[in-house]
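**Student:** What follows is the residue order along each chain.
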Amino acid sequence: DGGITQSPKYLFRKEGQNVTLSCEQNLNHDAMYWYRQDPGQGLRLIYYSQIVNDFQKGDIAEGYSVSREKKESFPLTVTSAQKNPTAFYLCASSAPGQGLPLHFGNGTRLTVT
Amino acid sequence: EDQVTQSPEALRLQEGESSSLNCSYTVSGLRGLFWYRQDPGKGPEFLFTLYSAGEEKEKERLKATLTKKESFLHITAPKPEDSATYLCAVQAAINTGKLIFGQGTTLQVKP
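Here the protein sequences come in this chain order: A and B.
The opening position of the first sequence corresponds to residue 8 in this note's numbering, with each subsequent residue numbered one higher.
The opening position of the second sequence corresponds to residue 5 in this note's numbering, with each subsequent residue numbered one higher.
These are computed hints drawn from the structure, not numbers from a lab.
Hints are not guaranteed to be accurate.
[Stated by the list, open to error] Calculated pairs, DMTMM-like style, for lysine to aspartate or glutamate (alpha carbon to alpha carbon, straight line, at most 20 Å):
#  : chain 1 : residue 1 : chain 2 : residue 2
1  : B       : LYS83     : B       : GLU64
2  : B       : LYS46     : B       : GLU62
3  : B       : LYS114    : A       : GLU76
4  : A       : LYS16     : B       : GLU62
5  : B       : LYS63     : B       : GLU5
6  : B       : LYS102    : B       : ASP86
7  : B       : LYS72     : B       : GLU19
8  : B       : LYS63     : B       : GLU19
9  : A       : LYS16     : A       : GLU31
10 : B       : LYS102    : A       : GLU22
11 : B       : LYS83     : B       : ASP43
12 : B       : LYS46     : B       : GLU85
13 : B       : LYS61     : B       : GLU74
14 : B       : LYS63     : B       : ASP43
15 : B       : LYS83     : B       : GLU49
16 : A       : LYS64     : A       : GLU22
17 : B       : LYS67     : A       : ASP61
18 : A       : LYS64     : B       : GLU5
19 : B       : LYS83     : B       : GLU19
20 : B       : LYS67     : B       : ASP6
21 : A       : LYS90     : A       : GLU69
22 : A       : LYS77     : A       : GLU31
23 : B       : LYS46     : A       : GLU31
24 : A       : LYS64     : B       : GLU21
25 : B       : LYS46     : B       : ASP6
26 : B       : LYS83     : B       : GLU62
27 : A       : LYS64     : A       : ASP45
28 : B       : LYS114    : B       : ASP6
29 : B       : LYS72     : A       : ASP61
30 : B       : LYS63     : B       : ASP86
31 : B       : LYS102    : A       : GLU69
32 : B       : LYS46     : A       : ASP45
33 : A       : LYS16     : B       : ASP43
[Unchecked claim] Covered stretches of chain A, as calculated for chain B (at least 3 residues, CB under 8 Å):
#  : region
34 : 25 to 35
35 : 46 to 58
[Claimed, not checked] Here are the in silico distance ranges between beta carbons for each label pair:
#  : chain 1 : residue 1 : chain 2 : residue 2 : range
36 : B       : PRO44     : A       : SER14     : 13 to 21 Å
37 : B       : ASP6      : A       : GLU69     : 18 to 26 Å
38 : B       : ALA81     : A       : THR84     : 25 to 33 Å
Glycine included, every Cβ here is placed at the ideal spot set by N, Cα and C.
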């Protein structure tokens, strides 16, 4: 079955450490996205990539970095510069075109103490 | 500024009690409005896309409608398994790579 796999489901890190969240898709989608979800807030866009080797900052990119070396993979690194990293992180993908929906993975819950 | 507001924040219904969720939006040129369902600890699951005012989509007990300023998600005779958070998002004509999400409505249906 095609889909988006995020790993791990839960991640715990000490403050000051960088951490990388994995996102893999086998939907053959060109575009991939990272969103952050906090309680009582809408999903907020961190980074997105519409083609391999190219990506753009979203609304809250500070303290995060990404790479897109393969069509299937879009890892997100949460750096020590991110002031409030504890959150639920969602990866999504979409095929190019007008109004096509995003398909989401099941998220990674990151806790930094 | 593009914005999406959902109401109410939370809704509690008895099984069989029909109701509607609201999604108000302001966007510079709507390319699409999307409804998602999200269960606790899971990613959002796509429900509907609406493209233009007057359009309606149905799936089981859910029906989504769209006007020029808002969308409604009507839930007819809900069951406990309809309990979830429902998210609304818009895709603006200019920023085609982005969806703008509302904060969601958490629905609880009691048996």
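**Student:** Each hint needs a verdict: does it hold in this structure or not?
**Tutor:** Tested hints:
1. B/LYS83 / B/GLU64: holds, 11 Å
2. B/LYS46 / B/GLU62: violated, 23 Å
3. B/LYS114 / A/GLU76: Given that 20 Å is the threshold and the Cα spacing comes to 47 Å, the pair is violated.
4. A/LYS16 / B/GLU62: At roughly 32 Å apart (the allowed maximum being 20 Å), B/GLU62 and A/LYS16 break the hint.
5. B/LYS63 / B/GLU5: Cα-Cα ~32 Å, so violated.
6. B/LYS102 / B/ASP86: The hint is violated at about 28 Å.
7. B/LYS72 / B/GLU19: Roughly 31 Å separates the two Cα atoms, so the pair is violated.
8. B/LYS63 / B/GLU19: holds, 18 Å
9. A/LYS16 / A/GLU31: The given pair, whose Cα atoms are some 13 Å apart, holds under the 20 Å limit.
10. B/LYS102 / A/GLU22: The hint is violated at about 30 Å.
11. B/LYS83 / B/ASP43: Holds, because 15 Å separates the two Cα atoms, which is no more than 20 Å.
12. B/LYS46 / B/GLU85: Given pair B/LYS46, B/GLU85 holds - Cα atoms ~15 Å apart, limit 20 Å.
13. B/LYS61 / B/GLU74: holds, 15 Å
14. B/LYS63 / B/ASP43: holds, 17 Å
15. B/LYS83 / B/GLU49: Status holds; Cα separation ~18 Å.
16. A/LYS64 / A/GLU22: Violated, because 24 Å separates the two Cα atoms, which is more than 20 Å.
17. B/LYS67 / A/ASP61: violated, 38 Å
18. A/LYS64 / B/GLU5: Between A/LYS64 and B/GLU5 the Cα gap is close to 18 Å, so the pair holds against 20 Å.
19. B/LYS83 / B/GLU19: holds, 5 Å
20. B/LYS67 / B/ASP6: violated, 25 Å
21. A/LYS90 / A/GLU69: Measuring from Cα to Cα gives roughly 9 Å; hence the hint holds.
22. A/LYS77 / A/GLU31: Distance of about 10 Å is within 20 Å: holds.
23. B/LYS46 / A/GLU31: Status holds; Cα separation ~16 Å.
24. A/LYS64 / B/GLU21: violated, 43 Å
25. B/LYS46 / B/ASP6: violated, 26 Å
26. B/LYS83 / B/GLU62: Holds, because 16 Å separates the two Cα atoms, which is no more than 20 Å.
27. A/LYS64 / A/ASP45: Judged against 20 Å, a Cα distance of about 19 Å means the pair holds.
28. B/LYS114 / B/ASP6: With a Cα-Cα distance of about 35 Å, the restraint between B/LYS114 and B/ASP6 is violated, given a limit of 20 Å.
29. B/LYS72 / A/ASP61: Distance ~34 Å between B/LYS72 and A/ASP61 Cα, so the pair is violated.
30. B/LYS63 / B/ASP86: At roughly 12 Å apart (the allowed maximum being 20 Å), B/ASP86 and B/LYS63 satisfy the hint.
31. B/LYS102 / A/GLU69: holds, 17 Å
32. B/LYS46 / A/ASP45: holds, 13 Å
33. A/LYS16 / B/ASP43: Holds - the C-alpha atoms of B/ASP43 and A/LYS16 are around 15 Å apart, at most 20 Å.
34. 25 to 35: With 0 residues closer than 8 Å to chain B, the region 25 to 35 of chain A misses the three-residue bar; violated.
35. 46 to 58: holds (count 8)
36. B/PRO44 / A/SER14: 13 to 21 Å: holds, 19 Å
37. B/ASP6 / A/GLU69: 18 to 26 Å: holds, 20 Å
38. B/ALA81 / A/THR84: 25 to 33 Å: violated, 47 Å
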